[in-house]
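Novice: Protein chains in written order, with my numbering: chain A, 1 to 474; chain B, 475 to 724; chain C, 725 to 930.
Only true hints are included.
To be clear about the criterion: a stretch of chain C counts as covered by chain A if any three or more of its residues have a C-beta under 8 Å from a C-beta of chain A, and this derived list gives those stretches:
| id | region |
| --- | --- |
| 1 | 757 to 771 |
| 2 | 823 to 833 |
| 3 | 850 to 860 |
Bear in mind the hints are in silico, worked out from the structure with no lab data behind them.
No residue lacks a Cβ here, since even glycine has one placed at the ideal position from N, Cα and C.
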Amino acid sequence: MKSTSAQFNTNVRRALHDVTLQQALLRVGPGFVDHRRQALAVLPDAENLRIRAREIKERALASLDHYLLEFEKNVQANGGQVHWAQTAEQANAICVELCKQARARSVIKGKTMVGEEVGLNDALEAAGLETIETDLGEYIIQLAKEPPSHIIAPAIHKTRKQIVDLFDRFHDRSLYPGHLESVADIVNEARAVMRSKYLAADVGITGANFLIAETGTTVLVTNEGNGDLCSSLPDTHIIIAGIEKVLPTLNDAAVLLRLLARNATGQDITSYTSFFTGARRADDSDGPNNFHIVLVDNGRSDMLNSEYRDMLRCIRCGACMNHCPVYGAVGGHAYGWVYPGPMGSVLTPLMNGLAQSSALPNASTLCGRCEEVCPMSIPLPQLLRQLRNDGHKQQLDSWSARSTLALWAWLARRPKLYRSATSLSLLVLRLFGRADGRLRHLPMISGWMASRDLPTPKSSFMQQWKQHQGDADD
Amino acid sequence: MRVALFVTCLIDLMRPNAGFAALHLLQQAGCEVVVPEQQTCCGQPAYNNGDADSARAIARQVIEYLEGFSHVVIPSGSCAGMLVHHYPRLFEDDPTWRQRAEHLAGRCHELCQFLVDIVGVTDFNAHYSGKVAYHDSCSARREMHVYEQPRVLLARVAGLTQVEPGDSEQCCGFGGTFSIKFEDISTAIVDKKVENICQTGADTLVAGDLGCLLNIGGRLSRQRKSVKAFHIAELLAGMTEQAVFPVDKK
Amino acid sequence: MTDARANILARLQQGRRKPIPEEVVNAKITSSDASIEQFIRGLEKVSGTYETVTTAQQITGAIEAYLKQVSASNLLVVAPAITKAGLLVNSSLPLQPAPTRGNEENAVTLAYAGIAETGSLVMLSSADTPVTTNFLPDNFICVLKTKNIVNDMESLWARLQSEQGTMPRCVNIITGPSRTADVEQTIQMGAHGPRRVHVILWNELG
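Generate the whole structure from the sequences, applying the supplied hints.
Specialist: This is how it looks when you write it as structure tokens:
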């Protein structure tokens with residue numbers, strides 16, 4: 001997917017003026033934040049669980065190559081094949097090739113963020129494959145030709161009316177004559193449309209939430225059950241997953257699963273948690289005969305060897321964006337790529353290059369709520385600061401910002417000059433200020449003044465203090 | 475007890491009254507207060523804008539001139555967080571300075587934290603008649619774990635009613651230079667904050683961080699809302715003759 | 725693509741850290757017990773329904789009554805495991821052996837276990853319990869022997885390991901009906917999978 005992160009400010013303006021988007025964003029609070037809080041409040045020993053979760057992931061990352069090899073061996077032992085992709089292009093080429101081997105015409109897909117990351121749908125469609133997203137949210141944005149605006153709820157920005165319009169446009173009304181109004185109408189029609197696609201598809205592609213080294217198992221969670229239909233109906237099942245998804249044991253997955261849904265949607269567990277181990281067995285009456293796993297690096301091994309290693313603990317629950325004031329104001333599309341919110345502001349520059357996404361790590365108040373809610377204790381504000389450091393070193397910030405900052409930093413180390421600069425600043429404030437002590441315009445900080453006033457103090461603390469000391473000495 | 479008052483650059487420039495209020499409270503609590511003359515800023519603007527080298531240079535100076543004090547008190551959660559958590563981080567690869575930074579970190583306190591937890595004084599005989607909404611700054615709440623202390627202090631102010639705005643964990647959208655660089659996002663965030671505060675019917679906004687106070691108060695002022703803004707030190711010290719922003723009489 | 729494999733592994737090797745010993749992280753955290761009550765609490769929380777029975781005869785009656793209540797069709801897809809367990813033998817319902825063709829309304833199958841912590845059903849893939857039976861019908865009826873309710877997921881893995889030795893192709897942990905909140909954050913049952921999950925809790929000890 002083409003990124004528009006470089007046009008962040010344009011995206012932001014559009015988002016802030018998009019009335020329907022703003023209405024949709026109001027649902028994030030009650031929908032995600034409140035449910036999560038309630039779910040965690042009754043979880044015994046939640047803090048201990050969080051520490052354990054972090055340790056599990058750290059253990060996996062400490063020997064990532066070892067666990068991936070163990071995983072590969074066990075997948076093969078169960079009749080599956082493992083493919084390795086260093087780049088997005090390689091991942092897409094592998095998937096297309098596997099579809100060709102299966103002589104596929106149609107592909108059904110479960111929601112996969114790695115798939116979004118590598119632009120898999122475009123690659124499949126370019127190869128002439130009919131590709132249908134089956135997660136309802138993904139299906140809606142596929143019809144709308146938009147990227148997901150949230151990693152858990154891809155179509156959270158869409159209203160019911162917009163969805164009905166899309167269905168009216170794309171569904172054959174001679175086959176589905178329904179007049180859609182309620183949420184139930186929409187879901188039922190999607191179910192009916194999709195059912196025929198499932199039964200006819202040649203290949204199912206899904207993501208994975210975890211890969212289990214000790215058994216060669218892949219774990220997939222959904223609420224709709226779409227991933228299970230993708231994985232059990234077609235004759236070929238392809239799973240695409242980032243290399244950081246591997247965990248040593250099934251018990252490790254049990255621990256992380258206690259956190260995943262609670263932090264994502266506030267559920268104790270999703271409706272469906274499925275563990276796939278290899279291809280159809282000799283005496284099975286259903287399931288895919290061909291079972292493939294595509295392991296994707298796409299920048300992850302670089303992260304492992306960098307100061308951004310902590311980011312590899314991310315389990316894609318979305319809690320950081322649900323609690324982010326910036327995400328809450330502008331929604332997911334403003335970030336310009338597939339991963340929004342704080343995790344996206346770290347991942348996007350690391351995967352697409354900082355030069356074209358340098359606004360993202362800066363567009364944060366560093367309020368720290370993302371780190372506070374992150375089940376994997378990822379120090380997101382610190383990673384954002386680190387990216388700012390990188391941006392500063394690469395001189396990606398504007399000349400005016402750099403020089404202002406440099407001048408200020410120079411003054412801050414020279415108390416006497418700093419005091420003179422303070423006096424000068426106060427003079428300017430009073431010059432532009434009004435008689436009532438309110439400042440409404442100041443060209444140097446027009447950004448601030450666009451929506452806020454400033455006071456116009458008469459003298460600084462240090463000036464008054466010095467005077468006070470002088471008086472005391474007399 | 476001899477303590478250094480780290481006034482912070484924002485209070486120095488924009489709200490000297492809050493600095494004097496803090497000074498007054500510390501003296502009332504029985505401390506001998508010193509205002510180190512070399513102080514300017516803690517270096518956060520550099521630190522948060524990717525200029526770690528400048529931040530380190532500033533931090534070294536701060537560490538040096540604050541070395542002789544048994545306690546350093548800071549009327550800001552954000553600057554306190556900088557000294558306590560981020561200075562040591564700046565010197566990760568420099569054991570000598572890291573040790574000095576950690577030594578300083580152990581002696582730095584946010585004002586309310588210092589009054590309640592260290593000197594144990596909560597009653598300053600203050601009086602304020604009004605309905606007060608206290609705003610937690612993100613760094614006070616999350617970095618410095620200041621939450622109960624300001625509420626305990628405000629509870630002792632005669633005539634004062636405390637109200638809790640909804641969604642109080644949410645950031646006000648200040649974020650230092652963020653509010654200038656991304657002014658429209660910042661405004662959208664502060665508008666939610668203003669709405670939550672106004673919904674409580676509060677007539678006064680109090681915060682422990684001047685950044686948040688200027689942001690929320692500045693927005694309230696622009697919208698001509700009749701909510702007075704004060705730093706918590708001013709309220710506790712009874713130095714409330716003039717609010718940070720002028721408020722039109724209704 | 726063998727180059728990709730070698731390249732990735734080489735870079736990951738560079739990123740190795742001192743291995744973290746297993747015992748540090750493997751301590752189990754759970755507070756639930758393997759009780760039927762706990763299982764029912766979990767199931768009801770996710771809008772699942774249940775009926776407790778003690779005999780095979782009662783199961784037939786319970787299923788017939790349930791279908792009358794929720795379904796216009798009385799055609800029932802039956803997993804071989806149900807027949808092999810001697811259930812539904814003298815039912816008057818029209819029965820159709822699994823796997824389903826994809827458009828039948830009702831199906832019944834046998835759970836391998838239940839998880840008390842979350843009120844979940846554990847389904848294993850096999851010729852006797854085809855996976856598609858769990859997902860295609862509107863009304864998913866599942867017989868669970870109460871003695872097979874385990875405490876938590878960790879207990880499930882331990883039991884699976886000791887009884888089967890290996891993982892079956894598919895283990896489905898099912899917690900309530902299929903649902904989606906993708907339209908305006910409103911929860912709607914029956915997105916792709918079953919609209920209803922009904923558990924026949926078979927307490928053989930009575």
